[in-house]
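> Each chain is listed here by its residues.
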Amino acid sequence: MADELNKQGVKYLFIGKSGAILLGYPDTTQHVDLYIPKDRVNAEKLVAAFDQANFPLSDEARKEILAGKDLCQLKDGPFDADVITQPDGIANFETAWARRIQEGKFPVANLKDIINSKKSANRVKDREGMARLEAFAREWEKSHVPELLSAHETVLRNSAARQDKGE
Amino acid sequence: MEKIDQLIQVALDREEADWLDQCRRQIARPLKDRIRFGFVVSYEKANSRFFATMQEYRETIARERPSWEGYGKAT
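Protein sequences, first through last, are from chains A and B. Here the first sequence is numbered in my numbering, starting from 1 and rising by one per residue. Here the second sequence is numbered in my numbering, starting from 1001 and rising by one per residue.
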């Protein structure tokens, strides 16, 4: 599924507990939360990716995803998926995308956004698990400290990256 | 009473340390193992549903789900 989403060039982020689990949060979930921008072209690519991955979509699901509903809960596929365009506590998709965490082939919302979203939703279940999620985020940050580079090393790396892009 | 408070604090510290250990172990695991351990298949029979707004979703959940599941707003 992730391969098809990437192949179609879908802009999306894992959010919620499913995003945290991809980053190593020790818990379980029965569905994935996919955050997409309210964008018709992107929604068309998402539907095409579902089709290519043989994830069955009813006509109604297709219509509602393309219409940009705030929340589409898909229950007919090999796994349950919530497609969300307006998660609580996240200002807009572009901001969340800019600070995403790439975990293998999966783009995951930053843990700060996942936490803010759950705080903003303020459900009983979110509040109960908040201390554990925040402790996990602190532990994750400790093990993902950005590499310290000298100015010279930074210039060399940036230059190599530009060459790789053919600039 | 002071002794009981101390014992409770020791238990809480121990619980937190255990949780952080668990976090460290899971972060260190390969992504495929995190997926294997973290995602479970739901056998709940339910239909796909669509909500125009998150407010509509919250109202539906509040109406349909029992409070003990914790989907309602915390007060």
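If you're looking for bench data, these hints aren't it; they were derived computationally from the structure. One thing to keep in mind: the hints can contain errors.
Unchecked claim - Now the stretches of chain B that chain A is said to cover, found in silico as 3 or more residues with beta-carbon under 8 Å: (1) 1002-1013; (2) 1050-1060; (3) 1064-1073.
What the hints assert, rightly or not - No farther apart than 20 Å at their CA atoms in a straight line, the calculated lysine to any residue pairs in the SDA-like style are these: (4) A:K75 <-> B:A1028; (5) A:K105 <-> B:I1061; (6) A:K125 <-> B:R1065; (7) B:K1073 <-> A:L133; (8) A:K112 <-> A:D80; (9) A:K7 <-> A:K75; (10) B:K1032 <-> A:A151; (11) B:K1045 <-> B:I1061; (12) A:K105 <-> B:A1028; (13) A:K11 <-> A:A53; (14) B:K1073 <-> A:E128; (15) B:K1032 <-> A:W140; (16) A:K105 <-> A:L66.
What the hints assert, rightly or not - Covered by chain B, according to a simulated footprint, are these stretches of chain A (three or more residues, beta-carbon under 8 Å): (17) 18-28; (18) 116-130.
Yeah, the Cβ is synthetic: ideal placement off N, Cα and C, and Gly gets one too.
> Against each hint, give a clear statement of whether it holds in the structure.
Cross-check of the supplied hints:
Under a criterion of three residues with beta carbons nearer than 8 Å to beta carbons of chain A, the stated coverage of the segment 1002-1013 of chain B fails, only 0 such residues being counted. Under a criterion of three residues with beta carbons nearer than 8 Å to beta carbons of chain A, the stated coverage of the segment 1050-1060 of chain B is upheld, 7 such residues being counted. Given a C-beta distance limit of less than 8 Å, the hint that chain A covers the segment 1064-1073 of chain B holds, as 6 residues qualify and 3 suffice. A distance of roughly 32 Å separates the Cα atoms of A:K75 and B:A1028; the hinted pair therefore is violated under the 20 Å criterion.
Between the alpha carbons of A:K105 and B:I1061 the distance comes to roughly 33 Å, so the proposed pair goes past 20 Å and is violated. Annotation: proposed proximity of A:K125 to B:R1065 holds, straight-line Cα distance about 13 Å (limit 20 Å). Proximity of B:K1073 to A:L133 is assessed by CA-CA distance (about 18 Å); at most 20 Å being required, the pair is judged to hold. A threshold of 20 Å between alpha carbons decides the hint, and for A:K112 with A:D80 the separation of about 24 Å lies outside it, so the pair is violated.
The suggested pairing of A:K7 with A:K75 is violated, with an alpha-carbon distance near 23 Å, which exceeds 20 Å. As the CA atoms of B:K1032 and A:A151 are separated by approximately 36 Å, the hinted pair breaks the 20 Å bound. This hinted pair checks out: B:K1045 and B:I1061 have alpha carbons roughly 16 Å apart, not beyond 20 Å. Restraint check: the Cα-Cα separation between A:K105 and B:A1028 comes to about 17 Å, which is no more than 20 Å; the hinted pair holds.
Proposed proximity of A:K11 and A:A53 is supported: the alpha carbons are some 16 Å apart, at most 20 Å. For the proposed pair B:K1073 and A:E128, the alpha carbon gap of about 12 Å is at most 20 Å, so the pair holds. Annotation: proposed proximity of B:K1032 to A:W140 holds, straight-line Cα distance about 18 Å (limit 20 Å). The straight-line distance between the Cα atoms of A:K105 and A:L66 is roughly 24 Å, outside the 20 Å bound, and the hint therefore fails.
With a cut-off of 8 Å between beta carbons, the segment 18-28 of chain A has 9 residues touching chain B; three or more are needed, and the interface restraint holds. Using a Cβ-Cβ cut-off of 8 Å, 7 residues of the segment 116-130 of chain A lie near chain B, which meets the minimum of three, so the contact claim holds.
Against the hints set out earlier in the document, violations occur for numbers 1, 4, 5, 8, 9, 10, 16.
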